[in-house]
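Residue numbers for the sequence shown follow numbering that gives the first Met the number 0, so the first one is 0 and each next one is one higher.
Incorrect hints may have been included.
[Stated by the list, open to error] For lysine to any residue, the following SDA-like pairs were computed, each having C-alpha atoms within a straight-line distance of at most 20 Å:
#, residue 1, residue 2
1, 137, 175
2, 137, 125
3, 19, 54
4, 19, 58
5, 137, 75
6, 137, 96
7, 137, 110
8, 19, 110
9, 19, 44
10, 19, 75
11, 137, 92
12, 137, 123
13, 19, 46
14, 137, 95
15, 19, 60
16, 137, 81
17, 19, 6
18, 137, 93
19, 137, 112
20, 19, 39
Keep in mind the hints are simulated off the structure, nothing from the lab.
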Amino acid sequence: MSRPTSQLASLGWDRHFQDKFMEIAPPGAAPARVIADYGADYLLHDGDAVLRALARHVDPAVGDWVVLDGGDIRGIVERRTLFSRRAAGDLNRRQILATNVDVAFVVVAATDVNVRRVERYLTIAWQSGASPVVVVTKADVFESVAAMRVELESVAAGSPVIVTSSVTGEGVDAIEG
(Lines of atoms letter the chains of each structure in order from A and count residues from 1; the text may use other names and numbers.)
(Lines give C-alpha, C1' and ligand atoms only; values in the text may rest on other atoms or scores of the structure.)
Protein backbone atom coordinates (compact mmCIF):
# COMPACT_ATOMS: atom_id res chain seq x y z
CA MET A 1 0.00 0.00 0.00
CA SER A 2 1.54 3.28 -1.08
CA ARG A 3 -0.44 5.87 0.96
CA PRO A 4 0.38 6.54 4.61
CA THR A 5 -2.57 5.76 6.85
CA SER A 6 -2.59 9.30 8.30
CA GLN A 7 -3.44 10.81 4.90
CA LEU A 8 -6.37 8.43 4.47
CA ALA A 9 -7.71 8.77 8.03
CA SER A 10 -9.32 12.13 7.23
CA LEU A 11 -11.39 10.28 4.61
CA GLY A 12 -12.56 7.62 7.09
CA TRP A 13 -9.79 5.04 6.68
CA ASP A 14 -9.29 2.92 9.79
CA ARG A 15 -7.95 -0.46 10.91
CA HIS A 16 -11.09 -2.28 9.69
CA PHE A 17 -10.66 -1.02 6.13
CA GLN A 18 -6.89 -1.53 6.26
CA ASP A 19 -7.33 -5.21 7.20
CA LYS A 20 -10.03 -5.81 4.57
CA PHE A 21 -7.95 -4.04 1.92
CA MET A 22 -4.91 -6.20 2.66
CA GLU A 23 -7.04 -9.34 2.19
CA ILE A 24 -7.90 -8.49 -1.43
CA ALA A 25 -5.27 -6.09 -2.77
CA PRO A 26 -2.50 -7.25 -5.09
CA PRO A 27 1.04 -5.99 -4.44
CA GLY A 28 1.46 -2.37 -5.53
CA ALA A 29 -2.24 -1.53 -5.31
CA ALA A 30 -3.43 1.47 -3.30
CA PRO A 31 -6.68 2.28 -1.49
CA ALA A 32 -8.89 5.16 -2.60
CA ARG A 33 -12.35 6.37 -1.65
CA VAL A 34 -15.13 6.84 -4.20
CA ILE A 35 -16.40 10.42 -3.96
CA ALA A 36 -18.52 10.55 -7.15
CA ASP A 37 -20.06 8.05 -9.57
CA TYR A 38 -20.36 9.19 -13.19
CA GLY A 39 -21.57 5.86 -14.53
CA ALA A 40 -18.69 5.10 -16.88
CA ASP A 41 -16.01 6.35 -14.52
CA TYR A 42 -15.54 7.35 -10.90
CA LEU A 43 -14.00 10.22 -9.02
CA LEU A 44 -11.70 8.99 -6.24
CA HIS A 45 -9.63 10.50 -3.45
CA ASP A 46 -6.43 8.67 -2.57
CA GLY A 47 -5.42 10.76 0.44
CA ASP A 48 -3.35 13.14 -1.66
CA ALA A 49 -5.38 14.02 -4.71
CA VAL A 50 -8.64 13.62 -6.56
CA LEU A 51 -8.44 11.39 -9.62
CA ARG A 52 -10.64 9.60 -12.14
CA ALA A 53 -10.65 5.85 -12.65
CA LEU A 54 -12.56 3.16 -14.51
CA ALA A 55 -14.01 0.12 -12.77
CA ARG A 56 -13.19 -3.31 -14.17
CA HIS A 57 -15.78 -5.98 -13.32
CA VAL A 58 -16.90 -4.22 -10.13
CA ASP A 59 -19.64 -1.70 -9.38
CA PRO A 60 -18.51 0.66 -6.60
CA ALA A 61 -20.73 3.27 -4.97
CA VAL A 62 -20.05 6.63 -3.37
CA GLY A 63 -18.36 6.00 -0.03
CA ASP A 64 -16.72 2.73 -1.04
CA TRP A 65 -13.06 2.07 -0.41
CA VAL A 66 -11.61 0.52 -3.54
CA VAL A 67 -8.47 -1.23 -4.70
CA LEU A 68 -6.75 1.06 -7.21
CA ASP A 69 -4.26 -0.72 -9.44
CA GLY A 70 -2.70 0.83 -12.51
CA GLY A 71 -5.34 3.56 -12.66
CA ASP A 72 -8.24 1.10 -12.62
CA ILE A 73 -10.57 0.05 -9.82
CA ARG A 74 -9.92 -3.68 -9.34
CA GLY A 75 -11.93 -4.43 -6.21
CA ILE A 76 -14.20 -3.09 -3.48
CA VAL A 77 -13.16 -3.28 0.15
CA GLU A 78 -15.85 -4.90 2.31
CA ARG A 79 -18.49 -2.31 3.22
CA ARG A 80 -19.29 -1.40 6.80
CA THR A 81 -22.66 0.25 6.07
CA LEU A 82 -24.95 0.52 3.04
CA PHE A 83 -27.74 2.95 2.18
CA SER A 84 -29.95 1.65 -0.62
CA ARG A 85 -33.42 1.87 -2.07
CA ARG A 86 -35.49 0.07 -4.66
CA ALA A 87 -34.40 1.25 -8.10
CA ALA A 88 -36.89 3.55 -9.81
CA GLY A 89 -39.21 1.55 -12.07
CA ASP A 90 -37.65 -1.79 -11.13
CA LEU A 91 -39.08 -3.63 -8.14
CA ASN A 92 -36.37 -6.31 -8.29
CA ARG A 93 -33.24 -4.14 -8.39
CA ARG A 94 -31.58 -2.32 -5.51
CA GLN A 95 -29.90 1.06 -6.05
CA ILE A 96 -26.99 1.78 -3.70
CA LEU A 97 -27.05 5.41 -2.59
CA ALA A 98 -23.99 5.52 -0.31
CA THR A 99 -21.72 3.21 1.64
CA ASN A 100 -19.55 3.36 4.75
CA VAL A 101 -21.56 6.15 6.39
CA ASP A 102 -20.86 6.13 10.14
CA VAL A 103 -23.35 8.80 11.24
CA ALA A 104 -26.54 9.77 9.40
CA PHE A 105 -28.09 13.12 10.26
CA VAL A 106 -31.87 13.20 9.94
CA VAL A 107 -32.47 16.94 9.57
CA VAL A 108 -35.92 18.51 10.00
CA ALA A 109 -37.09 22.09 10.45
CA ALA A 110 -38.93 22.76 13.70
CA THR A 111 -41.63 24.42 11.62
CA ASP A 112 -42.23 21.26 9.56
CA VAL A 113 -41.74 18.21 11.80
CA ASN A 114 -43.50 15.06 10.66
CA VAL A 115 -42.79 12.43 13.31
CA ARG A 116 -43.73 9.50 11.04
CA ARG A 117 -41.35 10.76 8.34
CA VAL A 118 -38.55 11.10 10.91
CA GLU A 119 -39.33 7.57 12.08
CA ARG A 120 -39.01 6.27 8.49
CA TYR A 121 -35.66 8.03 8.03
CA LEU A 122 -34.41 6.66 11.34
CA THR A 123 -35.38 3.15 10.23
CA ILE A 124 -33.46 3.59 6.97
CA ALA A 125 -30.39 4.77 8.89
CA TRP A 126 -30.57 1.88 11.38
CA GLN A 127 -31.03 -0.65 8.57
CA SER A 128 -27.95 0.73 6.81
CA GLY A 129 -25.79 0.15 9.87
CA ALA A 130 -25.19 3.88 10.47
CA SER A 131 -25.85 5.65 13.76
CA PRO A 132 -28.63 8.21 13.27
CA VAL A 133 -28.78 11.64 14.88
CA VAL A 134 -31.95 13.74 14.63
CA VAL A 135 -31.19 17.43 14.07
CA VAL A 136 -34.01 19.93 14.45
CA THR A 137 -33.30 23.33 12.88
CA LYS A 138 -35.03 26.71 13.25
CA ALA A 139 -35.69 26.27 16.97
CA ASP A 140 -35.74 30.06 17.32
CA VAL A 141 -39.01 30.35 15.34
CA PHE A 142 -40.95 27.55 17.04
CA GLU A 143 -42.62 27.95 20.44
CA SER A 144 -43.12 24.32 21.52
CA VAL A 145 -39.57 23.03 21.07
CA ALA A 146 -39.52 21.10 24.37
CA ALA A 147 -42.70 19.15 23.57
CA MET A 148 -41.52 18.44 20.03
CA ARG A 149 -38.17 17.20 21.35
CA VAL A 150 -39.89 14.78 23.75
CA GLU A 151 -42.02 13.43 20.89
CA LEU A 152 -38.97 12.96 18.65
CA GLU A 153 -36.97 11.31 21.45
CA SER A 154 -39.79 8.79 21.83
CA VAL A 155 -39.29 7.56 18.25
CA ALA A 156 -35.50 8.06 18.20
CA ALA A 157 -35.06 5.06 20.54
CA GLY A 158 -31.91 6.38 22.18
CA SER A 159 -30.44 8.16 19.18
CA PRO A 160 -29.50 11.76 19.96
CA VAL A 161 -31.98 14.54 19.20
CA ILE A 162 -30.20 17.89 18.81
CA VAL A 163 -32.20 21.11 18.60
CA THR A 164 -30.42 23.90 16.74
CA SER A 165 -30.77 27.50 15.68
CA SER A 166 -28.47 29.22 13.24
CA VAL A 167 -29.74 32.55 14.60
CA THR A 168 -28.91 31.94 18.29
CA GLY A 169 -26.22 29.29 17.82
CA GLU A 170 -28.12 26.81 20.02
CA GLY A 171 -27.05 23.20 19.47
CA VAL A 172 -24.30 23.97 16.97
CA ASP A 173 -21.54 22.85 19.37
CA ALA A 174 -23.27 19.47 19.81
CA ILE A 175 -23.08 18.84 16.07
CA GLU A 176 -19.49 20.02 15.70
CA GLY A 177 -18.36 17.85 18.62
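For each hint, the structure was consulted:
no.: 1; hint: 137 with 175; verdict: 17 Å, holds
no.: 2; hint: 137 with 125; verdict: 25 Å, violated
no.: 3; hint: 19 with 54; verdict: 19 Å, holds
no.: 4; hint: 19 with 58; verdict: 17 Å, holds
no.: 5; hint: 137 with 75; verdict: 40 Å, violated
no.: 6; hint: 137 with 96; verdict: 28 Å, violated
no.: 7; hint: 137 with 110; verdict: 7 Å, holds
no.: 8; hint: 19 with 110; verdict: 44 Å, violated
no.: 9; hint: 19 with 44; verdict: 18 Å, holds
no.: 10; hint: 19 with 75; verdict: 9 Å, holds
no.: 11; hint: 137 with 92; verdict: 38 Å, violated
no.: 12; hint: 137 with 123; verdict: 24 Å, violated
no.: 13; hint: 19 with 46; verdict: 18 Å, holds
no.: 14; hint: 137 with 95; verdict: 31 Å, violated
no.: 15; hint: 19 with 60; verdict: 17 Å, holds
no.: 16; hint: 137 with 81; verdict: 30 Å, violated
no.: 17; hint: 19 with 6; verdict: 18 Å, holds
no.: 18; hint: 137 with 93; verdict: 35 Å, violated
no.: 19; hint: 137 with 112; verdict: 11 Å, holds
no.: 20; hint: 19 with 39; verdict: 26 Å, violated
The structure is inconsistent with the numbered hints 2, 5, 6, 8, 11, 12, 14, 16, 18 and 20, although it conforms to all the rest.
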